[in-house]
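Line by line, the protein sequences are chains A and B. Remember, this note's numbering sits 1070 above the position in the first sequence when you count from 1. Remember, this note's numbering sits 30 above the position in the second sequence when you count from 1.
Keep in mind that the hints were calculated from the coordinates and are not lab data. Treat the numbers as computed from the prediction; the structure is a model and nothing was measured. Careful: at least some of the hints might be erroneous.
[Claimed, not checked] Partial chain A-side listing against chain B, Cβ under 7 Å, derived: (1) Leu1409; (2) Asp1410; (3) Ser1412; (4) Gly1437; (5) Leu1440; (6) Ser1456; (7) Asp1462; (8) Phe1470; (9) Gln1471.
[What the hints assert, rightly or not] What follows is a set of in silico ranges between Cβ atoms, one per label pair, in the way DEER data are often shown: (10) B:His242 <-> A:Gly1492: 20 to 28 Å; (11) A:Trp1390 <-> B:Arg117: 52 to 60 Å; (12) A:Trp1433 <-> B:Glu214: 36 to 44 Å; (13) B:Ser140 <-> A:Thr1371: 37 to 45 Å; (14) B:Pro219 <-> A:Thr1371: 51 to 59 Å; (15) B:Arg117 <-> A:Ala1378: 21 to 29 Å; (16) B:Glu214 <-> A:Leu1431: 40 to 48 Å; (17) A:Lys1339 <-> B:Glu214: 56 to 64 Å; (18) B:Gln48 <-> A:Met1362: 20 to 28 Å.
By construction, the Cβ of each residue, glycine as well, lies at the ideal position given by its N, Cα and C atoms.
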Amino acid sequence: MAAVACTAAATLVFLPLRPDFAKGQWALLYLLIVVFVAGIAGVRPAMLSATLSFLAWNFFFLPPYGTFRVEDPKDWLSLLVFLAVGVAMGLQTGRMRERHARAVARERETAMLNRFSSQLVTDPSVPEVARILAEEAREITGAGAAALFIPDDSGTVRALLSWPRDAPILDAETLALASWVHRQSKAIGLPLPPEGTEGQPRDWPVSVNHQAAGAARERRDLFIPLQTPSRQSGVLYVGPVEGAAGQIAHQVALLLALTNQASVFLERKHLQAAVLQAEALKEADRLKSTFMSAISHELKTPLASIIATVSNLLEEDVAWDREGARRELQAVQRDLDRLDESITELLDVSRLEAQAWQPTLDWCEVGEILSVAISRLPPDQRDRVSHVLPADLPAIRVDFQQWVRVLAHLLRNALTYSGAGGRVGVGARAIPNELEVWVEDDGPGIAPDERERVFEKFHRGRTATGSSGTGLGLAIAREIARVHGGRIWVEDVIPHGARFMISLPRAAVSEVTKP
Amino acid sequence: MSAPEKPAKILVVDDDPQIRRALTSILATRKYQVIAAADGAEGLDQAIEHNPDLVVLDMAMPGMSGLEVCRELRTWYTAPILVLSVRGADADKIAALDEGADDYVTKPFSAGELLARVRALLRRASGQAAAAPVVAIGDMEINIAQRRVRRGEQEIELTRTEFDILAYLAQNADTVVTSKMLLEKVWGPEYRDDTQTLRVHVSHLRRKIEPHPSVPRYILTEPGVGFRLATS
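Input sequences plus hints: build the corresponding full structure.
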């Protein structure tokens, strides 16, 4: 088209000036046109332009004008040389142009692929990858919408993201086509690979037309499977795509480069998730067996002791006096308290595991919580707890019951580790952005390497004397603190002992202190 | 404390035979007259037949729940209802108090705890506590008629509101008093949801009467429910 137009236009411009130049000079001007056409339109138009110029020069500028006859035999030579030079120049310039265009395209392609892979290096989330991929796909094709379909665990594909957000592409047929592509690992709507692009045809997916995949009629959109040899990871949708088949083929080549990278990335994500899941299962398994042994120990031991004591009381060979029976029953009572405590902790922890732990927030005072926590201790232990709370301590907004649990756990823990008769202290203070509460004992303290691990489930301190609880108390305390946006940690007490610190963020502390 | 002269009649409603047995044993050995029912429907029948002085009602029962029994009972029954709840079922407990239950004991409970609640409820129901002009709590003496509080020889100055709160708690000593009840009684029905105000006044009151105001011993917080004045 360009070739015909340019040559015709040039001829029209040249004609009135025919008398002003020698016939040979027109040949040079026509060569200029051929080079121009080659420059803007490529090899084939350049060839056409060379041929047309050859004819036009002959027809209009070589006497006799208006015919293809040539008077001067020397002109035949000029004509042949003109044709040869025209074709050669057109060919050369056209090739240069195409090479240049290809270089530009490749540069753009490389830049885009670089951008995409550098985004993948930051390990984005799958939805983030979907967003980036869809945006690049639209950028490449100029399509109105793009979407990434990802299979869920049951293998049903769902659109993870469609762009623009409200694009009406997610009709039943589109979804059905995406599912088809996912199941069949075949593309829909791709043109044939562009010619002359080395290596591409090998990677070009098998593609069918829309109707072959079950659509009611042909559509102007593309479905490309994201696949690695081992896995189907999704389907890229782009549509509608306008343009000549050759142009679309180039765009598809780019899309394929993107989807290949995305597939590898998604596969890696998938493997990562699988590894994590396997580790989580292993950990859950380990916890479960620890859990079982903790349960059997913590529930069965006091139970065994109760059964032994009570059955002893029921034996008829001893006439139990009042005092003796009372002593035995007090022992039973202690075992029962321990059983109650263990069962409560196990229930707490299963609630914690189920993530069903929602705090019921209410304003209250640390002292109120502490007094309830102390009342939960065995009566003979309560006097071992001393407390100094500042009178101007601000109120806090927490779940009262849960914080009673936290303090009760810490108190019991401290009472256990400080040994018989050891003292346990409770304190609190408001600091600029937090409120701190602590429980300290004068026991042996906790070794630095254990200070984090004591908060793990079922962890028992090395210095624990005998059996003491399920090993869940501190894990529960940490979880409760976490739910409230607070922290819990252990410090040293000089000369010896451990101090469990809890801090609550300002948001959970009232601005107004008590008058 | 000695058993009342004319033994009080107590209806125990609990589906678990062991708990029923323990409750019956704890109460009967204190010379209360005990009637036991194994489910809600039977409990209602027994209540109509015996018109007990107090009902001990389990919350979690198959069939008719404790809450439903409580609601049903309250259509005609005015004597105290003590509900048994399990730890963690706070919502149930609060619902029961809203339906007219007077107090609760959390399972597992000790005999001492249960008896303290039973005595407090019976005392209040008999009108002794409400009518008493002077209530002694620890070393503190609350003279309701004269609106004066003293610890030993020491007079304690209270504001009018503080005294009203303390007097109401004292008249219901050892029994839970919901925030709503206190707010209605002291401020009036339109203030029944203003728990923040109540909290501030209770805090002031504690500072005046508690030996360690920051760790209260007398005015105990019942989380999510209200307060209880402990006499022991």
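A quick look at each hint next to the structure:
1. Leu1409: This interface hint is violated because 9 Å lies over the 7 Å limit.
2. Asp1410: 6 Å, holds
3. Ser1412: For A:Ser1412, the interface hint is violated, since the closest Cβ of chain B sits about 13 Å away, which is over 7 Å.
4. Gly1437: 4 Å, holds
5. Leu1440: 5 Å, holds
6. Ser1456: At about 10 Å, which exceeds the 7 Å cut-off, the nearest Cβ of chain B leaves the hint on A:Ser1456 violated.
7. Asp1462: 10 Å, violated
8. Phe1470: 4 Å, holds
9. Gln1471: A:Gln1471 check passes; min Cβ-Cβ to chain B is 5 Å, inside 7 Å.
10. B:His242 <-> A:Gly1492: 20 to 28 Å: 21 Å, holds
11. A:Trp1390 <-> B:Arg117: 52 to 60 Å: Once the Cβ atoms are compared, 33 Å apart, the range 52 to 60 Å for B:Arg117 and A:Trp1390 is violated.
12. A:Trp1433 <-> B:Glu214: 36 to 44 Å: With Cβ atoms ~20 Å apart, the hint is violated.
13. B:Ser140 <-> A:Thr1371: 37 to 45 Å: Distance hint for B:Ser140, A:Thr1371 is violated at roughly 22 Å.
14. B:Pro219 <-> A:Thr1371: 51 to 59 Å: Since the Cβ atoms of B:Pro219 and A:Thr1371 sit about 54 Å apart, the hinted range of 51 to 59 Å holds.
15. B:Arg117 <-> A:Ala1378: 21 to 29 Å: 27 Å, holds
16. B:Glu214 <-> A:Leu1431: 40 to 48 Å: The hinted range 40 to 48 Å is violated for B:Glu214 and A:Leu1431, with Cβ atoms some 24 Å apart.
17. A:Lys1339 <-> B:Glu214: 56 to 64 Å: Between A:Lys1339 and B:Glu214, where Cβ atoms are some 60 Å apart, the hint holds.
18. B:Gln48 <-> A:Met1362: 20 to 28 Å: 27 Å, holds
In summary, the structure is inconsistent with hints 1, 3, 6, 7, 11, 12, 13 and 16 from the numbered list given earlier, while agreeing with the others.
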